[in-house]
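Chains as they are written, first to last, in my numbering: chain X, 1 to 368; chain G, 369 to 704.
Keep in mind that the hints were calculated from the coordinates and are not lab data. Note that the Cβ used here is the ideal one computed from N, Cα and C, for glycine as well. Incorrect hints may have been included.
Pairwise CB distance ranges, derived in the manner of DEER restraints [to be verified]:
1. G:Phe-386 <-> X:Ile-342: 22 to 30 angstroms
2. G:Phe-380 <-> X:Met-292: 28 to 36 angstroms
3. X:Val-195 <-> G:Lys-621: 36 to 44 angstroms
4. X:Asn-211 <-> G:Phe-380: 55 to 63 angstroms
5. X:Ile-8 <-> G:Gly-437: 27 to 35 angstroms
6. G:Lys-621 <-> X:Thr-279: 52 to 60 angstroms
7. G:Tyr-463 <-> X:Ile-8: 32 to 40 angstroms
8. G:Val-503 <-> X:Gly-200: 43 to 51 angstroms
9. X:Ile-38 <-> G:Tyr-463: 29 to 37 angstroms
10. X:Ile-38 <-> G:Ser-462: 46 to 54 angstroms
11. G:Ser-462 <-> X:Pro-309: 24 to 32 angstroms
Derived lysine to aspartate or glutamate pairs resembling EDC-like cross-links, with alpha carbons at most 16 angstroms apart [unchecked claim]:
12. X:Lys-19 <-> G:Glu-457
13. X:Lys-203 <-> G:Glu-481
14. X:Lys-12 <-> G:Glu-481
Chain residues, written in single-letter form:
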Amino acid sequence: MGLLYDSITIFKREMLIFKSNLRTNIIRSMMFPLIIIIFLGNLGSSVNNIPVAVANYANSQVSNQFMNSLESGSTLNIKAVTNEQEGLAMLRAGSISSLIVILPSFPKSTDGQPSVYVYYATSQFSESGVAIPFIENTAAKYSTGQVSSVSIQSDVNAVSTQGTNSSYRDFLIAGVILFSVAFGAVFGGGMSIIVDRQLGNIKSFLITPINKNAIVLGKLFSGTLQSMIYGILALGLGLVLGGSVAMGVAGLIWIIPLILFVGAAFSGIAIMLGSRIKTIEVYTIVAQSITMPAWFLSGAFFPSSSFPPILQPFNIGDPLTYATNGIRSVMLNGYFPVGQIILDFSVVIIFAILGIIISFALFKSTID
Amino acid sequence: MSQSDQYSIEIFSLQKKFGDFEAVKDISFKIKKGEIFGILGPNGAGKTTTLNMILGLLHPTSGKIIIEGYDNSKENSKIKQLIGFMTQETVVDSYLTARDNLRIFARLYHIPENRIEEKVNHALDEANLISFADVAAGTFSGGMQRRLNLVKSMIQEPKILILDEPTTGLDIQSRVGMWEEIKRLRSKGITIILTTQYLEEADQLCDRIAIIDHGKVMAIGTASELKKTVAKGNLLSIKVNQDEREKTAKILKSKLKMEYEEKDDLFVLTNNIDMDMMIKVAEELRRNKIDVQTIGMHLPTMDDVFMKLTGSSIRDSTGDQKAGKNMAKMGLIGRR
Ligand SMILES: Nc1ncnc2c1ncn2[C@@H]1O[C@H](COP(=O)(O)OP(=O)(O)OP(=O)(O)O)[C@@H](O)[C@H]1O
Ligand SMILES: [Mg+2]
Numbered sequence: 001m002g003l004l005y006d007s008i009t010i011f012k013r014e015m016l017i018f019k020s021n022l023r024t025n026i027i028r029s030m031m032f033p034l035i036i037i038i039f040l041g042n043l044g045s046s047v048n049n050i051p052v053a054v055a056n057y058a059n060s061q062v063s064n065q066f067m068n069s070l071e072s073g074s075t076l077n078i079k080a081v082t083n084e085q086e087g088l089a090m091l092r093a094g095s096i097s098s099l100i101v102i103l104p105s106f107p108k109s110t111d112g113q114p115s116v117y118v119y120y121a122t123s124q125f126s127e128s129g130v131a132i133p134f135i136e137n138t139a140a141k142y143s144t145g146q147v148s149s150v151s152i153q154s155d156v157n158a159v160s161t162q163g164t165n166s167s168y169r170d171f172l173i174a175g176v177i178l179f180s181v182a183f184g185a186v187f188g189g190g191m192s193i194i195v196d197r198q199l200g201n202i203k204s205f206l207i208t209p210i211n212k213n214a215i216v217l218g219k220l221f222s223g224t225l226q227s228m229i230y231g232i233l234a235l236g237l238g239l240v241l242g243g244s245v246a247m248g249v250a251g252l253i254w255i256i257p258l259i260l261f262v263g264a265a266f267s268g269i270a271i272m273l274g275s276r277i278k279t280i281e282v283y284t285i286v287a288q289s290i291t292m293p294a295w296f297l298s299g300a301f302f303p304s305s306s307f308p309p310i311l312q313p314f315n316i317g318d319p320l321t322y323a324t325n326g327i328r329s330v331m332l333n334g335y336f337p338v339g340q341i342i343l344d345f346s347v348v349i350i351f352a353i354l355g356i357i358i359s360f361a362l363f364k365s366t367i368d
Numbered sequence: 369m370s371q372s373d374q375y376s377i378e379i380f381s382l383q384k385k386f387g388d389f390e391a392v393k394d395i396s397f398k399i400k401k402g403e404i405f406g407i408l409g410p411n412g413a414g415k416t417t418t419l420n421m422i423l424g425l426l427h428p429t430s431g432k433i434i435i436e437g438y439d440n441s442k443e444n445s446k447i448k449q450l451i452g453f454m455t456q457e458t459v460v461d462s463y464l465t466a467r468d469n470l471r472i473f474a475r476l477y478h479i480p481e482n483r484i485e486e487k488v489n490h491a492l493d494e495a496n497l498i499s500f501a502d503v504a505a506g507t508f509s510g511g512m513q514r515r516l517n518l519v520k521s522m523i524q525e526p527k528i529l530i531l532d533e534p535t536t537g538l539d540i541q542s543r544v545g546m547w548e549e550i551k552r553l554r555s556k557g558i559t560i561i562l563t564t565q566y567l568e569e570a571d572q573l574c575d576r577i578a579i580i581d582h583g584k585v586m587a588i589g590t591a592s593e594l595k596k597t598v599a600k601g602n603l604l605s606i607k608v609n610q611d612e613r614e615k616t617a618k619i620l621k622s623k624l625k626m627e628y629e630e631k632d633d634l635f636v637l638t639n640n641i642d643m644d645m646m647i648k649v650a651e652e653l654r655r656n657k658i659d660v661q662t663i664g665m666h667l668p669t670m671d672d673v674f675m676k677l678t679g680s681s682i683r684d685s686t687g688d689q690k691a692g693k694n695m696a697k698m699g700l701i702g703r704r
């Protein structure tokens, strides 16, 4: 009988163990996301007097009223600028966190184009998270058109996007999902290989006529599936706690494969480490010192543009960065450009393939 | 029955090196079909290493193993169906039910899907676990876990069953239960190989015994054959005051011209001993005012055999078993 049959047997065994501890597994996997989203997801909600520049090309009565309403309250601190270029310069210099451009057509939209543009600097994530919904809500009172945001990453103008939904909570949820996936793989199913060896389970599998690669493959399947479950739970938790996915349900088409590949890669890493390390204690230290930095460097908490220059190359070299960016495009922008899809998926798929290959290679050599 | 048909397992000058260390030096023996064959030896003797090579988990550095006529370096997967193995540690998936534990192994042994349930139920019945079939195995007592482990090892109906220290750590009652179970399996025609550190287990349970130490076979035979190598008749054990050991040794050696071995705090005389001889020895010691604490005649035991072959009592060498083993695992103590 084939490798696949044997792998499925091992997979079933792993999933039965997972199921027998289902409640503990789920609660444990939810603790961190819950704490992070509740405590940090509301960051920025107390932010006020956010410096925002307005270039008012309409200069009509309505547009002035709009500007007044933006100024009322203490949320924004409005500075008028004469044109878009001046505002963008300020945005890039960091003296404002957003730039509002009111087009002459305000409040009507022309040819479906919005009459208000908002540029924001992603590095000012927490302020933007407050400012943009405020601007959107205020504009909605006047406008029949829509407000649209343009994100500026470092110094590159990104594409104008529709229906932008940018809060720090959503920004954070993308990172938290990947935390759940990576840590779920490394400390959930993947770690089982050490326990199995200590208890003699690996030996008792090896005396059966199965192909020993079936043990690796079965554990890869189960580790990946379990980490995906954790990732989806984290997303669900994020939504319950007030997050949203700009792309809507369709976003799952992108999010699920991204977490699948990340889950597979980290399951591979877990098996590789578990094949080499004899004790849980050492494993925990090694696994943490790989997973934690990978996660932080992906920009889970802070946009990578806010990293100091020496960390930038690590961010670029970190496979998790691409998974994070992909999920953020779906959740924050609601728009996942083809070029970015290709880049993000290529990196994540290569990462998964490497993790899997290495896990097979190293597991083999630990038996002879 | 031809010569090779008679044997279930034939081992020819097996050797295993771990780096520079020779765990198994030169082991040869043949195990007959349907017998209970015991491998007796202290910690670190090479018992588990030998079994691992029979099981195909380790590749021998040199030597050959033939199992039911198959060369195990070539026909490994065929052999795996023929051998059931119960590890030294009791291995059951404690979070899984007894039934699921068995189902998984039935699949790993490639039992056809439509026969799995029948096999599993049969195994549960054998292990007397029908009423606990759907309970997590982790909640079972040690004896129940071992029974489950045993039927799990036999789900593919092997011809040979290998048990690595099947009774280590069991209480007397469970140990006797396990012995009964092993004898029952032999009566069904299964060849059984077990390792043990218990002399009485080798003595009472095994049809033949190989005593191994330092990776070598020291002796092989039935318990009574082995005992005869120590002495044809009785032995005489004498215990004297610690201060008078040297004096006693001199008397025994030069005056009485007796052969003896020193075992723990005893002198064991191995010449053919009868009543007259015992009285003669006792009187000679009294004449020399030796404070004799114990003196007695007995037939050789496995302990005497072990003593003679290895120069130490198995209790010395296995000493504080658990601690010794763990320290060896951590590399804190090496081999003598
Ligand atoms: N993988 C290994 N690498 C290096 N040395 C090993 C390895 N496996 C076993 N040894 C050594 O080989 C020797 C024989 O070990 P083995 O496990 O066969 O002994 P044993 O007779 O089964 O003892 P025990 O009663 O403790 O189970 C020991 O000294 C052990 O430390
Ligand atoms: Mg052993």
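**Study point:** Pair hint X:Lys-12 and G:Glu-481, alpha-carbon separation not exceeding 16 angstroms
**Key:** 14 angstroms, holds
Check your understanding: Is the gap between the beta carbons of X:Ile-38 and G:Tyr-463 within 29 to 37 angstroms?
Key -> At 31 angstroms between Cβs, range holds.
Review point. Is the gap between the beta carbons of G:Lys-621 and X:Thr-279 within 52 to 60 angstroms?
Key: Holds, at about 54 angstroms.
Check your understanding: Is the distance from the Cβ of G:Val-503 to the Cβ of X:Gly-200 consistent with 43 to 51 angstroms?
Key -> Check failed, 22 angstroms falls outside 43 to 51 angstroms.
Practice item. Would you check the hint for X:Lys-19 and G:Glu-457, treating anything up to 16 angstroms between C-alpha atoms as holding? Key: 25 angstroms, violated
Review point. Per the hint of 22 to 30 angstroms, is the separation of the Cβ atoms of G:Phe-386 and X:Ile-342 within bounds?
Key: Given a distance of about 50 angstroms, which is not inside 22 to 30 angstroms, the answer is violated.
Review point. CA of X:Lys-203 to CA of G:Glu-481, is that 16 angstroms or under?
Key: Violated - the C-alpha atoms of G:Glu-481 and X:Lys-203 are around 24 angstroms apart, more than 16 angstroms.
Review point. Does the Cβ-Cβ separation between G:Phe-380 and X:Met-292 fall within 28 to 36 angstroms?
Key: 54 angstroms, violated
Exercise for review: Kindly confirm whether 55 to 63 angstroms is satisfied by the beta carbon distance between X:Asn-211 and G:Phe-380.
Suggested key: 28 angstroms, violated
Check your understanding: Does 36 to 44 angstroms hold as the CB distance between X:Val-195 and G:Lys-621, or does it fail?
Key -> Violated, at about 58 angstroms.
Check your understanding: At the C-beta level, are G:Tyr-463 and X:Ile-8 separated by a distance inside 32 to 40 angstroms?
Key -> Violated, at about 19 angstroms.
**Study point:** Cβ distance range 46 to 54 angstroms for X:Ile-38 and G:Ser-462, holds or violated
**Key:** Taking Cβ atoms as reference, X:Ile-38 and G:Ser-462 lie about 35 angstroms apart, which means the hint is violated.
Consistency note: the structure conflicts with the earlier hints numbered 1, 2, 3, 4, 7, 8, 10, 11, 12, 13.
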